[in-house]
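**Student:** Given the coordinates of chain A, assemble chains B, C, D, E, F and G onto it according to the supplied hints.
The residues making up each chain are set out below.
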Amino acid sequence: MNIKPLADRVVLKPIEAEEKTAFGIIVPDTAKEKPQQGEVVAVGIGRLLDNGERAALEVTVGDRVIYSKYSGTEIKIEGNEYLILNERDILAKL
Amino acid sequence: MNIKPLADRVVLKPIEAEEKTAFGIIVPDTAKEKPQQGEVVAVGIGRLLDNGERAALEVTVGDRVIYSKYSGTEIKIEGNEYLILNERDILAKL
Amino acid sequence: MNIKPLADRVVLKPIEAEEKTAFGIIVPDTAKEKPQQGEVVAVGIGRLLDNGERAALEVTVGDRVIYSKYSGTEIKIEGNEYLILNERDILAKL
Amino acid sequence: MNIKPLADRVVLKPIEAEEKTAFGIIVPDTAKEKPQQGEVVAVGIGRLLDNGERAALEVTVGDRVIYSKYSGTEIKIEGNEYLILNERDILAKL
Amino acid sequence: MNIKPLADRVVLKPIEAEEKTAFGIIVPDTAKEKPQQGEVVAVGIGRLLDNGERAALEVTVGDRVIYSKYSGTEIKIEGNEYLILNERDILAKL
Amino acid sequence: MNIKPLADRVVLKPIEAEEKTAFGIIVPDTAKEKPQQGEVVAVGIGRLLDNGERAALEVTVGDRVIYSKYSGTEIKIEGNEYLILNERDILAKL
Amino acid sequence: MNIKPLADRVVLKPIEAEEKTAFGIIVPDTAKEKPQQGEVVAVGIGRLLDNGERAALEVTVGDRVIYSKYSGTEIKIEGNEYLILNERDILAKL
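Protein chains in written order, with the working numbering: chain A, 1 to 94; chain B, 1 to 94; chain C, 1 to 94; chain D, 1 to 94; chain E, 1 to 94; chain F, 1 to 94; chain G, 1 to 94.
FYI, nobody ran anything at the bench for these hints, they're computed from the structure.
Take the hints with a grain of salt, since some may be wrong.
What the simulated footprint calls covered on chain B by chain A, stretch by stretch (three residues with Cβ under 8 Å from a Cβ of chain A suffice, anywhere in the stretch; the number is not a length) [claimed, not checked]:
1) 41-51
2) 73-87
Derived EDC-like pairs (lysine to aspartate or glutamate); straight-line CA-CA distance at most 16 Å [unchecked claim]:
3) A/Lys-93 with A/Asp-50
4) C/Lys-13 with C/Asp-63
5) E/Lys-69 with E/Asp-50
6) G/Lys-4 with F/Glu-74
7) A/Lys-4 with B/Asp-89
8) G/Lys-69 with E/Glu-74
9) D/Lys-4 with A/Glu-78
10) C/Lys-4 with E/Glu-39
Just so you know, even glycine gets a beta-carbon here, dropped at the ideal spot from N, CA and C.
Isolated chain A (complex conformation):
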């Protein structure tokens, strides 16, 4: 799948709720912001710093991550759902 996110963006494949039990991550039903889980499939070349250099991302392809539910933009590629979002919307790696 040939998609290159720009700057500090990431493309990930959202993982459905049932699969999550393997990692034990299920989200409480409080009104709190519900984090989601997904696998990273592509990463950008990093944020442009004031000095013109790029700061590499912390996540890499294959990482399993938790991200804020309402972040990013949904796209479909060859019938599959993906999400393009900023690395700052990714909370943690599993």
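**Tutor:** Leaving out everything else, chains B, C, D, E, F and G in the frame of chain A:
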């Protein structure tokens, strides 16, 4: 077509929905922000950094890109529709 | 005409719609922000950077440009209408 | 528990009110923002600075901390409730 | 008149509309922001930069300038009306 | 009392109105923001600067200070009321 | 009077309207922001810059200044009214 976008702006030619099937990018009908697709036809000399230097853009002429639907300014040149937008509104290269 | 815009401002002479056909720039009637066209008649010495230096402008006197319609301040000099605006409101050079 | 928060985020285990008496931290019932207590279980690699370096966090695993009540995102791992929040939402170490 | 504006502020003497014909600057009656004209009578030592240095102002005492109408603070000194405003509210020198 | 505020935060013990007469600081009854008085009991290691260094705080333990009334977070430790606030909410030392 | 304002704050003693005629500063009755006059009685050690240094203030003890009316916090010391405000709310020195 002789148009030079300024700083970190890009001029692109939006690609209509039908053409998209070749890249498999069709957008889900959720209320989510619907990304669009287009081809880059001109790029600026880059963002002005604090130190006075310019940071070259990531995209170049001929790149096929996905961008946020409601970004940029529409213009018509010799009867064709183009969009002038900031590079930060471009999500990924295909 | 002896007017010197400050910092990264530009003075330009708006070009009326009919003249535009020579450049083929006519604006779609969508509710989108309608860009305008004009000719640069004076430029400032550039934006003041954090390090105290000035960053020269990209546009120069005589350039034909496209700018965002609702930007800048209108003034009249010797009966002619001019617009003083920031360079960041200029989208592209033709 | 294998969770790595990103950048300057922290994962902590909230400590229930009763346990607090040992540290004497009970919160007044004013409408004021009610701070909470918890134990740090994982820390990120630090905030990305303008010069591209990372600034290490002040808190480390095992620290007992007070944090602003309405900050962070709740997650459940292996049946336990955790909170992922930014270090700037942690007020003090006990 | 012994008044020293601070940092990048300027004190100017507004010039009434009739006087303006000499410079040909009369303002169109559109709802657009109506620029004004005045003469600089005092300037500050300049904006404080991140590195602690001061950036000298572009305008100097005696300059005739155009400024945004609704900017600054009106004061009266020895019966005369003056305006204290930031240099960034001055559009151009005549 | 073993509490370490983070970064540029300060823990102080609010001083009740009656005690204030010794310093002569009583607040006018205008609707203006009413400053408060207190004694500093703990200080953080300082704000993190862009270059990764820490800027030491101006106040130290034992200082008597005036702070903006509606700032900070109230906490109780061993039955005593304290306030955790940012140094920028402290107006002056007495 | 032993009060030390923090950072780039200043303590001044407001000067009542009648006294102002000596300096000729009386304020027009337009709805415009009405500047005030006062004498500086204490100054802070200056704003903390990004590089950790302090930038000394422009005003010093004894200066007569004009400031924006609605800025700062009123305090009373030994029965006298004072104002603690940021230097950026001081418009000019007289």
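**Student:** Are the hints correct? Go through all of them and say.
**Tutor:** A quick look at each hint next to the structure:
Counting residues of the segment 41-51 of chain B whose beta carbon lies closer than 8 Å to any beta carbon of chain A gives 4, which reaches the threshold of three, so the coverage claim holds. Residue count for the segment 73-87 of chain B with a Cβ under 8 Å from a Cβ of chain A: 1. That is fewer than the three needed, and the coverage hint is violated. In summary, the hint linking A/Lys-93 to A/Asp-50 is not supported, as the alpha carbons are separated by about 27 Å, beyond the 16 Å threshold. Between C/Lys-13 and C/Asp-63, the direct Cα distance comes to roughly 11 Å. Compliance with the 16 Å bound is thereby established for this hinted pair.
Restraint check for E/Lys-69 and E/Asp-50: the C-alpha separation of about 30 Å exceeds 16 Å, so the hint is violated. With a C-alpha separation of about 25 Å, the suggested pairing of G/Lys-4 with F/Glu-74 is violated against the 16 Å cut-off. Distance check on the hinted pair: A/Lys-4 and B/Asp-89 sit about 14 Å apart at the alpha-carbon level, within 16 Å; holds. For the suggested pair G/Lys-69 and E/Glu-74, the alpha carbons sit about 12 Å apart, so the restraint of at most 16 Å is met.
Proximity of D/Lys-4 to A/Glu-78 is assessed by CA-CA distance (about 32 Å); at most 16 Å being required, the pair is judged violated. Between C/Lys-4 and E/Glu-39, the direct Cα distance comes to roughly 15 Å. Compliance with the 16 Å bound is thereby established for this hinted pair.
When held up to the earlier numbered hints, the structure conflicts with 2, 3, 5, 6 and 9 and fits the remainder.
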